[in-house]
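A.B. asks: Read top to bottom, the protein sequences are chains A and B.
Going by the working numbering, the letters in the first sequence line up with residues 1 to 250, in that order.
Going by the working numbering, the letters in the second sequence line up with residues 1001 to 1290, in that order.
None of these hints come from the bench; they were simulated from the model.
Watch out, some of these pointers could steer you wrong.
So the derived label-pair ranges between C-beta atoms look like this [said to hold, decoys possible]:
1) B/W1138 x A/D103: 46 to 56 Å
2) A/K18 x B/G1198: 30 to 40 Å
3) B/V1097 x A/E73: 36 to 46 Å
Glycine residues also receive a C-beta, built at the ideal position from the N, C-alpha and C atoms.
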Amino acid sequence: MAKVAIDRLSKTFPPPTKGGDPVVAIGDISLEVEGNVFVSIVGPSGCGKSTLLNILSGVETPTRGNVSVTEGERPAHLGYVFQDARLLPWRTVMDNMMYVRDDGDAGAAKAARYLDMVGLSHTHEMFPGQLSGGMQQRVGIARAFSVEPDLLLMDEPFSHLDAITARSLRDHLQELWSATRKTVLFVTHDVVEAVQLSDRIIVLAPGGRIFDDITIDLPHPRRAADPKVATLQAEILGRFEEMQPASTPA
Amino acid sequence: MTVAPVAIPEAPAPPGRIRHWLRSPVGAQVTAAVVFIGAWQLLTLIAPRVPGPIEVVQFLYIEITGGSHGGIVRGQFFQHFAITLQRFSLGLLIGFVGGLFVGVLIGVSGLARALLNDTVLVLLTMPAFVWAFLTTMWFGITWQAPVLTVAFTTFPFVAINVAQGVRAITPELKHMSTAFEVGRSKQFRHLIVPAVAGYIFAGLRFAIIVGWNGILLSEWFSGQAGVGFRTRYWFDANRYRGFVGWVIVFIVFIVVVDRVILNRLQKRAFHWRDASEADFIEIEERQVGL
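Can you make the complete structure from the sequences, with help from the hints?
C.D. replies: So, in structure tokens, the structure goes:
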């Protein structure tokens, strides 16, 4: 069971222009996530959602504070799904799956199983350029699940896709998550998506502070059209409006 | 009521056979070759010391088949060509491996860039004949001089191109590799090398041309065998058909390497770009319900 412990974390970027102010992406947040839960981090653009994932994955370093991502006594093994698929265009789908693994034939069987789970068993020898954006993103999801991570980080994975494709991929994701029950940190700016997928929603406000921490106690899998889901979505969107009164036009 | 006749524009006449032939790739190339040979033949009428194409072909036939050029001098094409090819291959290998290593280093490390980038640029500006002189001064009339001339002339072309290629790798793919903890050696083989393949081919293409020039000069100055030596031999003997014959061998070699070897390798390295099958994908999309 993966455990994410974030203690008084801050991240400030240098001023984008000479003489400007530093940009505070994350401002002193503390947070714990533990167990086989699906946690969404929601918030408006620029509130530090993606920066938080980059710090957890080791791509960025914090300005202040500590983060630890552990599985028992050892560092947790991570998987990552990005906004775009980030596949190597010169490698086949199967080679892309194997790029993140080190275990030969056994790994290939596992990679094939996850491709099958996202409905792409026929694409092993195809190149990413031969696939649509939705299919590429499914390869990205299969790749992240196939490394059997302790913690799966997902950074707005459906934001670049059309609504129908995104909806279909959310269903695929729910099926995969129900089958594997990984700890997931899912960044999105879409409250509807967050309510459909998550056990817990952490709302970040501009300036990178935690605005709200909401537990969602509905059984999986959920359908977006389910009245309980829709009611909860409306309630959370209402809280969002409380967070940003200043940005609402008079 | 009368309706005014509408003028229907006439379809353009199909191009004539000659124009059609000239527009085809093979036709254009064959025509260019014929025009070149014709111009060369005309030049021999104006300047009698310039050997004509037939004279040169006759010389090359004797040189290649080992026949007699008159007196005791016999054709020695394969001996000299094989020696040059060995030296060139070794020099190119040294220059290529060194350039690849230094190019990757400059591309990934800011410190290496600060230390080495200007040095490589300086080396890039050094003409091949300078290396040919220097290596002859350092090593005398030995096999090392032409080999190192090729290595020194090819190295900076490969290094500069590879460094540019490494810097052009998208940070998103590096980020993905870091997030999945992909090892450095695997990143080098599957991310860096394919990403810079286009730059490697560009560098290699230039390197082969300048390296081949370098070896000709080096063997001309210091060789006792090889293509450059044999070219100078005929020049010194005042036999210009021999000189021009070997220059043609020199040019044909570069063209063959470029067209036959490099083009095929390049096509193989980039076959993923050709794999675009939009119609097939649309069908597949419908099958999986997206």
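A.B. asks: Can you give the numbers of the hints that this structure goes against, from lowest to highest?
C.D. replies: As far as the earlier hints go, not one is violated by this structure.
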